[in-house]
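So the sequence lines, in the order shown, correspond to chains S and D.
The first sequence maps to residues 1 to 384 in the working numbering.
The second sequence maps to residues 385 to 607 in the working numbering.
Treat the hints with care, since some could be wrong.
As the list claims (entries may be wrong) - A few chain D positions that, by computed beta-carbon distances, are all more than 12 Å from chain S:
1) D386
2) G446
3) F451
4) M471
5) E513
6) E520
7) K525
8) I594
9) N595
10) E600
As the list claims (entries may be wrong) - Here are the simulated EDC-like cross-link-like pairs (lysine to aspartate or glutamate), alpha carbons at most 16 Å apart as the crow flies:
11) K371(S) with D546(D)
12) K299(S) with D458(D)
13) K416(D) with D546(D)
Simulated from the structure, these hints should not be mistaken for laboratory data.
We put the beta carbon where it would ideally sit given N, CA and C, even for glycine.
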Amino acid sequence: MKKSNILSLKNVTMLFLIFLLSTFLLIGITYYFSVSKYYQEYVEKNHGFRILYLLLDDDCDRGKLIENLENSEHVEDAFLEDEYSTFGIINEYQSDEFTGEVLLIGVDPGMQKIIAGSDLNDSEYGMICPSSIYPEIFYDENPYDYRKNIDISSDVGNTLTLKYGGIKEFKLKLLGVFDRSFDYTDPNVCYVTHKTLRYLNDNTYDYDISSNSGIYVLIDDLKNREKLYEYKGVEDVYLVTTIRSDKLQNIIFVLGIFTTIMISFIVVMSYLFTNRQIINNYRNIGILRIVGYSKKILKRRYYISNIKLCIIAITLSIIVANCFLTNFVEMFLYDNPQLSLMNMHTTLNTVIISTVIILMTVLLSTYISLKRIDNLDILEIIND
Amino acid sequence: MDMVTVESCSKSYKKNKEVILALKNISYSFKKGIFYSIMGPSGSGKSTLINILGGLIEPDNGKVLYFGSTIRGDNNLSKLRNQHIGMIYQSFLLNENMTALENVLLPTYINHSYKSIDNVVRCRQILQELGLKKRENHYPKELSGGEQQRVAIARALVNNPDIILADEPTGNLDKKNEEYVFKLLKKLSTDGKCVIVVSHNEKILKYSDINLELEEGELREKK
Ligand SMILES: Nc1ncnc2c1ncn2[C@@H]1O[C@H](COP(=O)(O)OP(=O)(O)OP(=O)(O)O)[C@@H](O)[C@H]1O
Ligand SMILES: [Mg+2]
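Generate the whole structure from the sequences, applying the supplied hints.
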């Protein structure tokens with residue numbers, strides 16, 4: 001009893017279980033916090049999230065509506081659906097093999113990993129392109145064969161000629177390139193600000209205002225979204241860019257289930273563990289009672305030894321969890337451009353939260369199993 | 385001087401809806417310097433009484449007074465047991481994983497550090513007085529019944545208690561050790577301790593000052 005061996009097999013098993021739970025909680029909570037924080041910043045930073053699509057009546061006067069919208073204090077910009085994205089050809093890269101056609105999207109590239117150059121800014125006309133673009137003929141054959149692509153990162157900072165809509169030539173500066181080595185879903189997508197796109201459009205097309213096109217609106221704050229319904233002809237309002245949170249939701253769901261299972265498991269295990277310790281020591285505990293140890297002192301020993309186990313396990317788990325988290329992004333999130341920029345570390349908060357959960361779990365089950373000491377039958381021990 | 389007094393104490397056990405009344409409204413005062421023997425048939429509640437006196441079992445009704453006052457709560461009762469009561473049992477109740485010396489040191493761990501030299505010296509001295517000097521570092525398994533009981537007695541004496549409670553201390557001993565234990569208990573009572581011994585053994589009557597009889601839960605003095 002006095003010389004309880006911290007390295008006994010049962011202790012090691014228990015230690016390992018608590019360690020697993022702790023590591024798991026640390027990673028889970030860190031993940032949850034980092035990702036939510038990241039998304040929050042992401043949404044705040046990117047005006048792409050403030051773009052709304054207005055579905056309109058067929059008879060709505062689109063020209064007038066745009067005018068009205070632009071006069072609203074909450075609307076920063078309004079433009080027709082057709083203006084939102086159009087194809088262009090980057091002349092510099094045009095050849096027999098490559099038509100050079102790219103999709104221009106009038107939104108901020110958001111959290112794409114910019115690997116060279118700079119981010120978009122509203123004041124100049126420029127674009128951000130993927131680090132490599134795909135020759136169309138090869139793309140049709142095998143879009144995943146990245147060896148056949150054309151590296152354009154050496155042109156960062158240069159002014160490129162863009163044949164917009166295949167009609168008119170514009171000079172656009174290649175502000176930056178983003179890493180697309182991990183993302184094959186949207187080949188040849190370049191980003192410009194919507195102001196740039198508008199400038200390009202205004203100087204290229206005569207719009208048929210009476211078309212069926214909807215309207216895009218850049219609103220000052222998503223909270224004012226409802227106000228858009230007040231305009232005549234607006235049938236519905238949609239968010240254009242939503243956070244890709246399905247993955248996050250799935251992971252949080254799985255984490256939640258796992259955590260619940262683990263916590264129940266630890267409650268049961270640590271109950272059984274302490275219970276067994278008491279049963280195995282029943283006679284010796286009786287002896288200690290006889291020589292004058294109070295229930296309080298005896299219980300305190302079990303609490304202390306379980307807390308010690310927790311502290312060792314938590315310390316180990318902090319080390320392991322941090323090692324794991326440093327590589328976490330590369331292992332699990334790298335294929336998600338929205339998340340791949342994130343760096344994750346356990347913070348004091350995460351450690352405190354998971355420590356509290358673990359201590360509560362272990363202390364609760366210890367408390368329950370220590371009821372056995374209250375009910376210790378001294379005559380049973382004497383007559384054994 | 386009253387060392388320990390039971391006042392209208394009763395104790396019953398419930399088992400499968402059946403209520404066994406172990407002690408019926410017992411009142412008695414145990415005094416300093418006297419060797420009490422308690423005899424009685426099996427199941428008459430002797431062990432129950434001894435453990436109530438030792439504060440290990442709470443009576444259903446009535447009071448137990450130590451040195452004239454009631455002591456309440458497990459913490460206080462445990463402290464009292466540790467400082468003022470020595471308990472000895474038939475089955476010795478030694479910790480099998482500890483040596484004789486460590487077993488004797490056990491009551492001193494609570495307040496003092498395990499390594500307190502004073503305690504170790506005192507324990508050794510008591511063991512020596514009981515003829516166990518060479519057995520100090522033996523485990524209970526390696527000791528004879530008589531030696532084990534002497535270790536248990538040494539443990540009971542280590543904090544120099546005022547009250548000695550023994551439940552059939554000679555039940556597992558041969559004649560020679562029996563006599564040794566009774567003589568030792570007698571000596572303790574003449575030294576001024578209150579010694580209360582439960583026994584089936586008639587020989588105890590040779591040593592005891594007052595003989596008590598517990599029958600069907602009732603305690604009587606026997607002449
Ligand atoms: N935990 C218990 N549950 C139910 N009955 C009990 C319990 N402990 C003791 N008893 C009963 O209480 C009565 C008194 O028990 P106790 O052990 O005090 O007797 P005893 O006089 O010491 O007997 P013995 O001489 O055999 O040791 C017995 O009938 C016993 O069966
Ligand atoms: Mg008995």
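Here is what the structure says about each hint:
1. D386: D386(D) clear of chain S: closest Cβ-Cβ about 21 Å, beyond 12 Å.
2. G446: holds (19 Å)
3. F451: Its Cβ never comes within 12 Å of chain S, the nearest being 16 Å, so this holds.
4. M471: Check fails; 5 Å does not lie beyond 12 Å.
5. E513: holds (19 Å)
6. E520: Per Cβ check, E520(D) is outside 12 Å of chain S; nearest 17 Å; holds.
7. K525: Holds, because the least Cβ-Cβ distance between K525(D) and chain S comes to about 14 Å, which exceeds 12 Å.
8. I594: holds (24 Å)
9. N595: holds (23 Å)
10. E600: holds (18 Å)
11. K371(S) with D546(D): The given pair, whose Cα atoms are some 32 Å apart, is violated under the 16 Å limit.
12. K299(S) with D458(D): Holds - the C-alpha atoms of D458(D) and K299(S) are around 13 Å apart, at most 16 Å.
13. K416(D) with D546(D): OK: K416(D) and D546(D) at ~8 Å, within 16 Å.
Checked against the numbered hints listed earlier, the structure breaks hints 4 and 11; every other hint is satisfied.
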